[in-house]
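We have chain A already, so just place chain B on it with the hints.
Chains A and B are the protein sequences, given in the same order. Its first residue numbered 1, the first sequence is counted upward by one per residue in the numbering used here. Its first residue numbered 1001, the second sequence is counted upward by one per residue in the numbering used here.
Don't read these hints as lab results, they were simulated from the structure. Keep in mind the model is a prediction, meaning the values are calculated, not measured. We put the beta carbon where it would ideally sit given N, CA and C, even for glycine. Honestly, I wouldn't trust all of these hints.
Pairs of lysine-lysine residues, derived as PhoX-like cross-links and limited to a Cα-Cα distance of at most 25 Å, are as follows [said to hold, decoys possible]:
hint, chain 1, residue 1, chain 2, residue 2
1, A, Lys152, A, Lys109
2, A, Lys371, A, Lys401
3, A, Lys152, A, Lys371
4, B, Lys1035, A, Lys28
5, A, Lys236, A, Lys173
6, A, Lys109, B, Lys1035
These stretches of chain B come out as covered by chain A in the derived footprint (C-beta under 8 Å, 3 or more residues) [what the hints assert, rightly or not]:
hint, region
7, 1121 to 1131
8, 1269 to 1275
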Amino acid sequence: MLWIGRAVLGVVVATALSAGAMAQQTVKIGAIYPLSGNAASAGNYSKAAIELGVDIVNNAHPDLKDLPLAATQGLPGLNGAKIEVVFADNQGTPAAGQNQALRLITEEKVVALLGAYQSGITVTASAMAERHGIPFVTPESVAANLTERGFKWFFRTTPVAGDIAKAYVEFLKQRKTAGAKVETVAIVNENTEYGTSIASVVKDEATKGGFNVALVIPYPANTTDVQPQVLQLKEKNPDVVVFVSYTSDAILYAKTMKDLNYKPAILIADNAGFNDPSFVKTSGALVEGLINRSSFAAGKPGSVSAIINDMFKKKTGVDLDDPSGRGLQGFLTLAEAINRAGSTDPAKIQAALRATDLKANQVVTGYNGVKFDEKGQNTLGSSLLTQMQGGAYVPVWPADKASGEIKLPYKGW
Amino acid sequence: MQPISKDHSRIRGAHLVLLVVLAAVVLLYPLLTAKFPVYQRLGALVLLYAIGASAWNIVGGYAGQVSIGHAVFFGVGAYSAVLAYHHLGLPPIAGVPLGVLVSVLIAAIIGVPTVRLAGHYFSMATIAVAELTRVMTTTSDFLGGAQGLTGPTVPRSVLDLSFTSSLPYYYIFLAVLAGVLWLTWRMETSRMGFYLRAIKDNERAARSLGVMAGRYKLYAFMLSAALTSLAGGLYLTMFGFIDPDSGLGILISVKMLIMAALGGAGLLFGPLIGAAILVPLEEISNSVLGGRGAGLTFVVYGAIIMIIARFLPAGLLGLLTRLFKKSAAPGDRDAA
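Next comes chain A alone, as it looks inside the complex (with noise of 0.2 Å):
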């Protein structure tokens, strides 16, 4: 009788969703988002700045002149067509991502997807894309492997681990040219997937720099007492010191190094608990001449990325954060090329995404653009570097991108 009445039902709801979606006159893609589970508040705020894409792209917006299709309104290849984005939530598991994904592709009869932020479910969902051949666009997921397996349909905009160490070493090199002494590095970092990775690659390129990485300390993140560890540092005194971190373990050391009285000579914090608002609100204020890594900065008033930050701010009361603002950059990406396409046919789409070729001028993000190798990896991703000045995040370094100077050494409370 179950399975019966299943049966009928799964016939009456799919029946009745693609009736609704031949009626439809825009395009539809799919995005797969953790809006409930651990990471529900990092997949909302993504889900918003999507949503801010849908507008920039719908409506006409001549002040973001630069920006591919936000002076126009719709698509101007498919005759104006409006996009429209299909929210499903992954639930933070990589069976309910693979889940969704098969719901939009063949439901909802979406041409393309975004998704799914934590990288284990983009591997799960894009699998079922690539199945289908539609085109999928990851513009937040950073697992190396991602792009190393062979996919013909799958594209990543946003820099992986190794960018972004690259970045730090080069950072602490110019450092260490200028005069500074920069020797020694110990990093310090969460020991779940987003930590260890982003450790063990900055680990690699440090050496690779000539630093000597004097000290490695994984930690778990629900910690309640980071004393050992600082304690630790203390000890060693590096000259560098490097934190993996969400957010309430970032709030625990701000105040343990403050109540211990330890403050290495520069300390880096890679994103994440440290760029949260509610991280720059408690602690903001123990950690003055912090550096941060974000691939958004909301820049001089009056630059695209600032009125953006302005617009998201309006609409959700915080400014953009690092991984929403990429998430945005995936959406308008994969916008821009299914214009250029001209066509909702998945595989034009795929051809249009390999010949993307935006530039510097043209993102939204700190990126030098937007064009894709082999394998589906954006060559031109790159990160910035803020520091904590007064209260808030100032982008220094690289210099083209700054708006603020690098004041050293760590100056903390």
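Frame of chain A, contents of chain B only:
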């Protein structure tokens, strides 16, 4: 006497028709839903989770030993499959026998000291082992660490069991589930089944009659572990990816438990019924509500579980059995 037995045979006939219809729907389901891949896949998912829940049922339902650490066997199965592919280049299915073996070993190692303990301690021991395994997996490069391992996405041969359509998965899972249920049924009707029921009812009484309670609970645990590991291996072939959370997370263990309990723990078809309700409920509520980003899916999901737990403590199948028993003649205990 006469009218009662006439009534009885009419009910029997109705049962038979119902069974034939059910069997036909189960067998033809993927063909009926061929145009709706999401629902076809849903069918396969129900069967997959039913395999896990039925495996759990052997120790959790029949032997009354509530394991909350079955994720460890599920994970071992999934990891063995992906390791065969990742390190040896074999089809994932080739790793399944090893997974079964390792799972049985782990069950023996946990079981020998713990099946003697009173209920809660067994549950705690299983949680501890599963969580320990998850944390250790996170730090092992061989097992892919926290980033997990990927199976074959583009199939090299049919042996990779990597299909675009859910139809082959459906029939593979159906065959395995049939095997699991057959084994469970054989166990239920064998001496071991009677022993387990006696132990579950009153372990002291059973012991005093010469039932070696510890030994039979251990057997049930090992059998359950082996079959759960099978579910893990099949999961890997379908989803092609495993990481510590999706393979060894506590939610996996809890899902098996809830499905079995909801449908009817200790009943042959209980876990299948539980899976046939919960899996579509979760998937459909996520599809309909998930995109709004308000986390409503789990509110609805949780509410339904609470309602069932409050009003149907013996599970849905328990309710059906009671209803059938009321209408059937006394002594007819096959209704389950």
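Let me make sure I understand: some of the numbered hints might not hold for this structure. Which ones are they, in numerical order?
7, 8
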